[in-house]
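**Student:** Sequence:
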Amino acid sequence: MTQIGVQLHTFRDVDDEYPAMLRRVAESGYKGVEFAHEIHDADTRAVASVLSETGLTPVSAHIGLPHLEREFESLLEQYATLGCSTLVIPHVSGTWFLTAERVDALARRLNDLADRLGDRGFELVVHNTKAMHRPLVGEYGFDRVVESDIVPTGGAIHAASVMNQVLPGRLGQTTGFDRLLTATDGLRFEIDVEHAVGTGRDPLRLFAAAGDRLFAVHLSDGTRTRMFPPAHRSTPLGDGSVDIDQYARGAIQHEAEWLIGEVDDPPDPALAFESIMVQIQDSCPHPRPAP
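Just so we're aligned, residue 63 is where the sequence shown starts under our numbering, counting upward by one.
No lab work stands behind these hints, which were simulated from the structure alone.
SDA-like mimics (lysine to any residue), calculated; alpha carbons at most 20 Å apart, straight line:
1. Lys-192 / Asp-166
2. Lys-192 / Asp-264
3. Lys-93 / Met-339
4. Lys-192 / Asp-305
5. Lys-192 / Ser-155
6. Lys-93 / Asp-344
7. Lys-93 / Leu-276
8. Lys-192 / Gly-262
9. Lys-192 / Thr-157
10. Lys-192 / Ser-303
11. Lys-93 / Ala-110
12. Lys-192 / Ala-270
13. Lys-93 / Thr-119
Label pairs and their computed distance ranges (CB to CB):
14. Asp-105 / Asp-75: 11 to 21 Å
15. His-102 / Ser-296: 21 to 31 Å
16. Glu-79 / Asp-330: 11 to 21 Å
17. Ser-111 / Arg-295: 34 to 44 Å
18. Phe-134 / Gln-235: 28 to 38 Å
Predicted, not measured: the structure shown is a model, and the values here were computed from it.
Just so it is clear, CB atoms sit at the ideal spot from N, CA and C, and this is done for glycine as well.
Full structure from sequences and hints, please.
**Tutor:** Written out as structure tokens, the structure is:
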């Protein structure tokens, strides 16, 4: 059964102490929470106590890849105390998704880390990024240029973004996400719909491609800017160009474990507790997998 949770980074500017904030989350009807880096400043045992008190499920935690590798033991101790066994890499530098060789190197790194975590009873999950959904620069013949350092890496990323816009037919070509999906050993994914839409990808196709490796779907929204190449600016759910209803239902049909609401920069964080839940419930009043 697909359940509704929320990414706690949404409430980072709320004045409440962490335990009080969690109680407000529970009162708003969410079944689970996804931690962000703010948890590291909180009293772990107090948070664990509130989770037990409210019945909130500690769905997962966003942890940067270098941070997780560097602070492996201390982080596992903290999240074991919280009863949170799923650790999500929220962002990986776009430089990893320029060439097939770089994606393969990242896949080996993630596979090794997933094995280490698995030995300790934890699971590693990867959150998609916009950079993952652009065609590898090798599709444009730029790979040799990138690896020879003739141009700065940032320039190659920008060039790939531009080519993605001016040659939309290339959207059928292999992306970093495609390559990572095939190069990792059963690693599951958390798919943010705004990140996909913002690069011209159809989240429903990504859900299908992930199959039983779809862990969760991040419901987020955004609006296209006038920059070139275009960027997407975060908005409250329902205020942007992302079809929240369609992708919420799609996540349920593809049996994602969790629908996780997130607003990067809510106009009023205090109102976001209920507004995100209302938007998700309106999209799918009774979340459950399709028969």
